[in-house]
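Quick one: dock chain against chain with the hints and give me the complex.
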Amino acid sequence: MVYKSIKTILALVFSTILLALSYNVIAQEGDTKTAESHVEEKKEGFNAKEVIFGHIMDAHEFHFFEYEGSDGQKHPITIPLPVVLYSQQKGLSFFMSSAFEHGHKEVNGYKLNEDGKVIPVQEGIKVYDFSLTRNVVQMILALAILVWLMISVAKSYTKGLGVTSAPKGKQNLVEVMVAFVRDEVAKPNLAHKANKYLPYLLTVFFFILINNIIGLIPGTANVTGNIAFTIVLGVISFVVIMFSSNSHYWGHIFNPPGVPGFVKPILVLVEFLSVFIKPFALIIRLFANMVAGHIIIICLISLIFIFAQINPAIGWGASPVSIAFTIFIYFIELLVAFLQAFIFTVLTAVFIGQAFEGEHAPGEPHDDAVIV
Amino acid sequence: MTVFLAAGALANAGGAVGAGLAAMGAGIGIGQIGKGAVEAIARQPEASNDIRANMILAAALVEGAALFAIIIGFLAMVL
Chain A
0 MVYKSIKTIL ALVFSTILLA LSYNVIAQEG DTKTAESHVE EKKEGFNAKE
50 VIFGHIMDAH EFHFFEYEGS DGQKHPITIP LPVVLYSQQK GLSFFMSSAF
100 EHGHKEVNGY KLNEDGKVIP VQEGIKVYDF SLTRNVVQMI LALAILVWLM
150 ISVAKSYTKG LGVTSAPKGK QNLVEVMVAF VRDEVAKPNL AHKANKYLPY
200 LLTVFFFILI NNIIGLIPGT ANVTGNIAFT IVLGVISFVV IMFSSNSHYW
250 GHIFNPPGVP GFVKPILVLV EFLSVFIKPF ALIIRLFANM VAGHIIIICL
300 ISLIFIFAQI NPAIGWGASP VSIAFTIFIY FIELLVAFLQ AFIFTVLTAV
350 FIGQAFEGEH APGEPHDDAV IV
Chain B
0 MTVFLAAGAL ANAGGAVGAG LAAMGAGIGI GQIGKGAVEA IARQPEASND
50 IRANMILAAA LVEGAALFAI IIGFLAMVL
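So the protein sequences, as listed, match chains A and B.
Last residue of the first sequence? That's 371 in numbering that gives the first Met the number 0, and every number before it is there in order.
Last residue of the second sequence? That's 78 in numbering that gives the first Met the number 0, and every number before it is there in order.
Treat the hints with caution; some may be incorrect.
What the hints assert, rightly or not - Only some residues are given here: those of chain A computed to face chain B with a beta carbon under 10 Å:
no.	residue
1	Pro187
2	Leu281
3	Val345
Keep in mind the hints are simulated off the structure, nothing from the lab.
A quick note: this is a predicted structure, and the numbers were derived from the prediction, not measured.
Just so it is clear, CB atoms sit at the ideal spot from N, CA and C, and this is done for glycine as well.
Chain B extracted, bound-state conformation (with noise of 0.2 Å):
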């Protein structure tokens, strides 16, 4: 009977493995949000509360989805 002697080590490689590739999409897609939210403040001063308002939004959004993926990781590890 063969045991998978490294399952233990490698539930935890792959949970961290798997947080930080969440927190590089999280990066990546609040970036975006960022510079798309200073650009149209450049166009438009006047508007930049507006905007700033639906920039923290649509990044707690992204970061939500970033934060399922870390707690996934490390349900990983835990479990």
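Pulled out of the complex, with its shape left as it was, chain A reads as follows (with noise of 0.2 Å):
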């Protein structure tokens, strides 16, 4: 009986990643002018560094997939996002991305260039895009989820459910991980100073796993993927650091005890270096490892599509390794998912009780885990 309802689940699950992800492959017949032939702009047929990118960077739509159509025309399925810019000469301008039809229609003077981003028509205008882009989009959805869930599961606790009884329904699942956070996070590095930081590491937390679990349903946006999100967040992270660091941390770094005098000058360097280095370490880990993600599954499919290339024997032949890796791939990344939102907070939580511990006898060990 289980078997039979795992082999049903997998094969819900494959049926849904082959009808999401797949691309329609154009062949073209190769060019028989000989005199005046031109150099193509673009390669026909499948490619792969395009479709990488498109995937990963921000766009004016949501994009699903596109399908050729009766005329031989490519349609995509897409869903238009607001586009609102303001440039000095022509104002505030707002109107839907499907008004560019894909790239192929100016709007006000402006236009989409081919990495999807909007340029104006003329050169050397400065166009500020405020644009409501996937990228936003998405952290809206995102920060939509989490409130409704942490208010409404707040709210249940306030009428008295799962206080002193069993909990019920949603605060089963927020009680288990805020319960996480609080416990194996806030109060082994924090101390007495947790519920200080508490909101903090528990927005970090469930931001981050929101939106690294909604970005790997295909067609949505890379939000933690994208060097921006997490430069915000570990600018915050950096603050919020600064803003508990005490005069002990500094002469600790300025001052390192027990150290010989000619090692002294190189190791407050690099004790006032790494006060930069870690947040900056935070940052690049969140988007390395989330993009690495997203390029690793979106390659493996396109594997597909290249074999098809050379041959559509070997497409069709690659087509359940490719698809058993990229199940396989899916897995870790929902586990990455979770970990990386995890091993953020920690590390802030980290930083932060790093910052302020305070004084304690010569040759007393610290208490933490791991010196970083």
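Below you can see the structure in the form of structure tokens.
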């Protein structure tokens, strides 16, 4: 019985991934003109680089797939998003990105360049882009989910459910995660000040987690794999760490105890730089993990089409292997989604804890698990 | 005036080789962390929760370093 349901689930997952991730490969006859043959601007067929970058970069629409209609034209299936632009000359412009018709039309003196960014038709005009791109919309969606979940669970606790009795419904989900962050991340690293930093740690944990998980669904945006998003999170963590630092911390940086004199200048430099490098590592770690995961999944699926370009039979043959690997990597990416959210939170907590730990007798060891 | 024609291709190759070396380094590093953790759990199974938390923390730090190198490899290809 159990095996039957696993089989059904596998078949469902398999079919969904197959349906959602399929592209059309266009085969084109070679150029017969010899005298005035011009170089093709775009590589016809399957352009893996375009596919990969199209998936991991931001865009002005949610792109799901495209099919070839009866007239031989490609019809993309997308959800267009609002474009909000401001320039000195034209003022505020507001329109839906469907007006661009996938780069074929110009709107109000703006057009889409080949990377999908809005640029003015006239060169040299400074345009400020405040559009609701897919990253923004996905962040707002994650925010909405988070706010709804937390407020409704908090309300059920104030009504008395799950306080002295067993938790019910969504409380089960939220209580496990909040208790985990409080007991494994905040309390060991922040001791008596855990409750002060818990709102920030929980927010960062859940926001990264929800954006990671939504980003795994085909067709959604790659928010956490966007360097701008992780830079903002890293900078906010850096600000929190700086505001919780005390003189003892800075004393240890500029005057490390127990260090021979000739090494001190180097060590002071390294310690001072590490104040900035630690949040920088947080930024790069989250960004690189998420974008690498997305690129791996896209590459594995693209392998099918790359092989199919050489010979359709090899393409079909590569499909089961490719799809099997993709499903395997999807499970790893699910783990990485949780892991990276946890790691960002725990390292922020560790750095905050290091910043305000108080005096200790000389020779007494630091009491945190890992000294980073 | 000589032009180094293979510059673009060499940049790609260099980036890919660098990323591969970084992955190798990460594999060795995280493997040793795992070895230490598993041996520690074998010695004292009651501490397995604490050991697991520290193992994951240390593995994330090592992986962060490896991902730095992979990003640089990627930049070598793109820039």
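Here's how the hints hold up against the structure:
1. For A:Pro187, the interface hint holds, the least distance from its beta-carbon to any beta-carbon of chain B being 8 Å, beneath 10 Å.
2. For A:Leu281, the suggested interface contact is upheld, since its CB lies about 8 Å from the closest CB of chain B, less than 10 Å.
3. Satisfaction of the interface hint for A:Val345 is found here, the shortest Cβ-Cβ separation to chain B being roughly 6 Å, below the 10 Å cut-off.
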